[in-house]
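What follows is the residue order along each chain.
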Amino acid sequence: GENVEQHPSTLSVQEGDSAVIKCTYSDSASNYFPWYKQELGKGPQLIIDIRSNVGEKKDQRIAVTLNKTAKHFSLHITETQPEDSAVYFCAASPWGNAGNMLTFGGGTRLMVKP
Amino acid sequence: NAGVTQTPKFRVLKTGQSMTLLCAQDMNHEYMYWYRQDPGMGLRLIHYSVGEGTTAKGEVPDGYNVSRLKKQNFLLGLESAAPSQTSVYFCASSYSRDRRNEKLFFGSGTQLSVL
Numbered sequence: 001g002e003n004v005e006q007h008p009s010t011l012s013v014q015e016g017d018s019a020v021i022k023c024t025y026s027d028s029a030s031n032y033f034p035w036y037k038q039e040l041g042k043g044p045q046l047i048i049d050i051r052s053n054v055g056e057k058k059d060q061r062i063a064v065t066l067n068k069t070a071k072h073f074s075l076h077i078t079e080t081q082p083e084d085s086a087v088y089f090c091a092a093s094p095w096g097n098a099g100n101m102l103t104f105g106g107g108t109r110l111m112v113k114p
Numbered sequence: 001n002a003g004v005t006q007t008p009k010f011r012v013l014k015t016g017q018s019m020t021l022l023c024a025q026d027m028n029h030e031y032m033y034w035y036r037q038d039p040g041m042g043l044r045l046i047h048y049s050v051g052e053g054t055t056a057k058g059e060v061p062d063g064y065n066v067s068r069l070k071k072q073n074f075l076l077g078l079e080s081a082a083p084s085q086t087s088v089y090f091c092a093s094s095y096s097r098d099r100r101n102e103k104l105f106f107g108s109g110t111q112l113s114v115l
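Chain order of the listed sequences is S and C. So in the working numbering, spot 87 of the first sequence is number 87, and the numbers just go up one at a time. So in the working numbering, spot 111 of the second sequence is number 111, and the numbers just go up one at a time.
Hint data in this document are derived by calculation from the structure and do not stem from the laboratory. Hints may contain errors.
Claimed, not checked - With a Cα cut of at most 27 Å, we get these calculated DSS-like pairs of lysine-lysine:
hint, chain 1, residue 1, chain 2, residue 2
1, S, Lys42, C, Lys70
2, S, Lys57, S, Lys37
3, S, Lys57, C, Lys70
4, S, Lys42, C, Lys57
5, S, Lys58, C, Lys57
6, C, Lys103, S, Lys71
7, S, Lys57, S, Lys68
8, S, Lys68, C, Lys71
9, S, Lys22, C, Lys70
10, S, Lys57, C, Lys14
11, S, Lys42, S, Lys68
12, C, Lys70, S, Lys58
13, C, Lys57, C, Lys103
14, S, Lys22, S, Lys113
15, C, Lys9, S, Lys42
16, C, Lys9, S, Lys22
17, C, Lys71, S, Lys113
18, C, Lys14, S, Lys37
19, C, Lys103, C, Lys70
20, S, Lys68, C, Lys9
21, C, Lys57, C, Lys70
Claimed, not checked - Negatives, chain C to chain S, calculated, CB over 10 Å:
hint, residue
22, Asn65
23, Leu69
24, Ser84
25, Ser108
Don't be surprised by glycine CBs; every beta carbon is placed ideally from N, CA and C.
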């Protein structure tokens with residue numbers, strides 16, 4: 001089955017700096033890669049996703065890049081703000097797999113210091 | 001709309017006790033899921049359902065049972081709780097894959113401690 005590794009497990013940045021979280025996956029059949037943000041005491045929320053037919057996707061301060069050959073994808077947050085502090089999860093899933101069987105990475109705790 | 005609602009929010013059990021976690025969604029989603037979240041291990045799928053009356057095993061199904069008698073509800077049961085089942089449990093739902101909408105909507109979680 002799919003295995004998703006996520007690094008780093010914790011990341012501390014100064015407000016205004018950029019943050020990068022990286023994930024690698026093992027199953028070449030995976031073609032859908034979402035990122036979820038989990039704030040304290042809440043369930044994860046989808047913030048951005050990418051499919052394997054594109055290499056990069058942006059949404060304001062957030063961007064995701066995908067390298068299918070190397071089987072890795074990354075989340076980039078620019079101009080970080082204190083409200084970006086949360087746990088971020090990457091995930092991978094092959095299309096056609098019944099039940100949207102996402103495999104999640106172990107999570108990254110991002111702390112943005114004012 | 002309330003989205004995905006989980007009850008209870010907190011529970012403490014003794015080893016061997018049983019309990020049921022309830023998940024309800026009001027978005028008319030076909031797919032529902034139960035995940036457990038443990039430190040450093042991300043979210044792991046326990047069981048899922050692709051429609052009313054159907055269930056399937058996920059990555060870590062042992063020690064759990066589920067039922068989907070109504071489309072809007074997905075129940076997770078622990079028949080004989082063990083300390084290894086101490087975790088935070090999340091329910092999620094999504095539209096069917098055929099609609100090409102992969103987004104999962106999560107509940108706020110149930111913190112379960114088994115002593």
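Can the restraint linking Lys42/S and Lys68/S be considered satisfied, given a maximum Cα separation of 27 Å? Outside the cut-off at roughly 32 Å; violated.
10 Å Cβ clearance of Leu69/C from chain S: holds (18 Å)
Hinted pair, alpha-carbon criterion (27 Å max): Lys57/C, Lys103/C. Please report holds or violated. holds (20 Å)
Given the proposed pairing of Lys22/S with Lys70/C, does the C-alpha separation stay at or below 27 Å? violated (39 Å)
Pair hint outcome, Lys70/C versus Lys58/S [Cα-Cα no greater than 27 Å]: violated (38 Å)
Grab the minimum beta-carbon distance between Ser108/C and chain S and tell me whether it stays above 10 Å. Nearest chain S Cβ is 5 Å from Ser108/C, so the label is violated.
Given the proposed pairing of Lys9/C with Lys22/S, does the C-alpha separation stay at or below 27 Å? violated (32 Å)
Mind checking the alpha carbons of Lys58/S and Lys57/C for me, to see if they're no more than 27 Å apart? Judged against 27 Å, a Cα distance of about 35 Å means the pair is violated.
Measure nothing beyond the straight line between the CA atoms of Lys57/S and Lys70/C; if it is 27 Å or shorter, mark the hint as holding. Judged against 27 Å, a Cα distance of about 38 Å means the pair is violated.
Checking one constraint from the list: CA of Lys57/S to CA of Lys68/S, max 27 Å. Satisfied? holds (14 Å)
Assess, step by step, whether the Cα of Lys14/C is no farther than 27 Å from the Cα of Lys37/S, and give holds or violated. violated (32 Å)
Does the claim that Ser84/C lies off the interface hold, with its Cβ farther than 10 Å from every Cβ of chain S? It holds; Ser84/C is separated from chain S by about 18 Å at its closest Cβ, greater than 10 Å.
Checked against the numbered hints listed earlier, the structure breaks hints 3, 5, 8, 9, 10, 11, 12, 16, 17, 18, 20, 25; every other hint is satisfied.
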